[in-house]
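2 protein chains.
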Amino acid sequence: MTFQRVAIIGLGLLGGSIGLAVARYLPDVSTRGFDIDPDVRQRAREIGLVGEVCDEAADAVREADLVILCVPVGAMGETARGIAGVLPADALISDVGSSKQGITRVLGEALPNHAVIPAHPVAGTEHSGPDAGFAALFRHRWCIITPPAGADPDRVERLAAFWRGLGATVETMDAEHHDLVLAVTSHIPHLIAYTIVGTASDLEDVTRSEVIKYSAGGFRDFTRIAASDPTMWRDVFLNNREAVLEMLDRFLTDLAHMREAIRAGDGETMFDLFTRTRAVRRSIIELGQDDARPDFGRASLS
Amino acid sequence: MTFQRVAIIGLGLLGGSIGLAVARYLPDVSTRGFDIDPDVRQRAREIGLVGEVCDEAADAVREADLVILCVPVGAMGETARGIAGVLPADALISDVGSSKQGITRVLGEALPNHAVIPAHPVAGTEHSGPDAGFAALFRHRWCIITPPAGADPDRVERLAAFWRGLGATVETMDAEHHDLVLAVTSHIPHLIAYTIVGTASDLEDVTRSEVIKYSAGGFRDFTRIAASDPTMWRDVFLNNREAVLEMLDRFLTDLAHMREAIRAGDGETMFDLFTRTRAVRRSIIELGQDDARPDFGRASLS
Chain A
1 MTFQRVAIIG LGLLGGSIGL AVARYLPDVS TRGFDIDPDV RQRAREIGLV GEVCDEAADA
61 VREADLVILC VPVGAMGETA RGIAGVLPAD ALISDVGSSK QGITRVLGEA LPNHAVIPAH
121 PVAGTEHSGP DAGFAALFRH RWCIITPPAG ADPDRVERLA AFWRGLGATV ETMDAEHHDL
181 VLAVTSHIPH LIAYTIVGTA SDLEDVTRSE VIKYSAGGFR DFTRIAASDP TMWRDVFLNN
241 REAVLEMLDR FLTDLAHMRE AIRAGDGETM FDLFTRTRAV RRSIIELGQD DARPDFGRAS
301 LS
Chain B
1 MTFQRVAIIG LGLLGGSIGL AVARYLPDVS TRGFDIDPDV RQRAREIGLV GEVCDEAADA
61 VREADLVILC VPVGAMGETA RGIAGVLPAD ALISDVGSSK QGITRVLGEA LPNHAVIPAH
121 PVAGTEHSGP DAGFAALFRH RWCIITPPAG ADPDRVERLA AFWRGLGATV ETMDAEHHDL
181 VLAVTSHIPH LIAYTIVGTA SDLEDVTRSE VIKYSAGGFR DFTRIAASDP TMWRDVFLNN
241 REAVLEMLDR FLTDLAHMRE AIRAGDGETM FDLFTRTRAV RRSIIELGQD DARPDFGRAS
301 LS
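Same order as they appear, the protein sequences are chains A and B.
The first sequence lines up with residues 1 to 302 when you count with the numbering used here.
The second sequence lines up with residues 1 to 302 when you count with the numbering used here.
No lab work stands behind these hints: they were computed from the structure.
Any given hint could turn out to be false.
Said to hold, decoys possible - Some chain B residues judged to face chain A by a derived CB distance under 10 Å, without partners named:
1. Cys54
2. Ser98
3. Gln101
4. Val122
5. Pro189
6. Asp272
7. Gly297
Unchecked claim - What the simulated footprint calls covered on chain A by chain B, stretch by stretch (three residues with Cβ under 8 Å from a Cβ of chain B suffice, anywhere in the stretch; the number is not a length):
8. 205–215
9. 231–238
10. 247–259
Using N, Cα and C, we set each Cβ at its ideal position, and we do this for glycine too.
Go ahead and model the full structure; you've got the sequences and the hints to work with.
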């Protein structure tokens, strides 16, 4: 057994899913949880996201050997400072945030006397809040652990074993590389999706009603991503600025290249790109990271 | 009954689905089909995409009262010229192409003595070829008819009734407006998806293996669209250049605005956009144009 008493701070999609996953896959581990929103705590009690919902963060962490912060990236520092005084000396502190360099620094400063090992389960849906969680969220997904310099290898391994227990495959890398990888696989796709949905909503010569009616031509896929939690995503872009700007500029260079191909009527350049990209899709499906059925196996709406 | 004998030229995803849909929903209508690829014709016979698969386009259209061209946009002109000599004088010619101004001009020139009324069913999947078709593809989807100036209203209505028979909701608009609407709801989303998948594949500091492993963070949604048929999409961008460039430039302006917000750490601008875009998603789901379940109802991979 890797840990006996897990505290989960923040009971939204990720925190709730961890609670449910522990109950299902690691039934000998007890969980306590806290959320700053009393309505979320109430709902978490009703649907049993964790073994015990506490009205104070301090009560949730007081006896924990693993504390997982599942709050927006921008709230990590304040949350950590709020529990610093009552954390058991040997408790391991981790999180689930989508950017790791900033979090590592903030948590290290807030908890200078504790072991902090950040982690990022690469899993989620466009839904948020306590009702969005489910136990299988992490199955067949990767969890990236980013041990800070000098982290105890035994603690890293215990944390890895915990995530493997919830069904994830664990990789470790440094926080800087993590932030670059996630910028391209997650942050830029979200930025692009939010932006094109905004562009389409603001047109004068195409009505919003038309955009919605004819969305099956491709646009609707972007709206799923653009329905993700605004607070979480604002904080990601505020905290992974450099890697996001670097990847965004590479994308903009490539898009300018395609714009010129369209302007010049250069079909060969288009055909080359459109053929290469199919191979990436095939690899993702072969690795079990997406549903091979057409349209992601969307329900037939007939 | 709107038509008795329908000829389908091109037996890929769209043409094959029309054949299957007619058989299921309009069983009194007969279908003949042709594809320029003998392997596709052979496969179409094996799986019964149409009532009769002909080895010459001329034989498919000789007795038809409706001919639907389901070939890539760039092949429309040559296909139309190839059947011009044998088309019955009163046959209606239509198509399923994704851009309408260019097709209207090309078909009008190729068939000056026939009635041509272009149409575009806004439906599809990332799969292509004869095995990709299915009868329900057009159910609860829109079909946009773009009658050229002077088109006979009775023929427009007969074509509309045919598409309604296959389960679609029909709208009519002029070809220029169609091309603008589809540029934003379909063509730009495809261009962006192809480009970001290309960008991610070519990075040196992030491996392709990492891109694939961590694609569940958002990237994998783009790879579905970027797996679409390369020939079809090359032709769309070659034939809807002006509207695509106009919409692309609006998107680039908005993206530059978001880039500046990230650079400046302007969380308010981000939060405003990320909140507005959720409403568009809700509307699409309310209109039955997407699956409300998380992750499009993707199969649980556990």
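Legend entry - Structure versus earlier hints - violations, ascending order: 1 and 3
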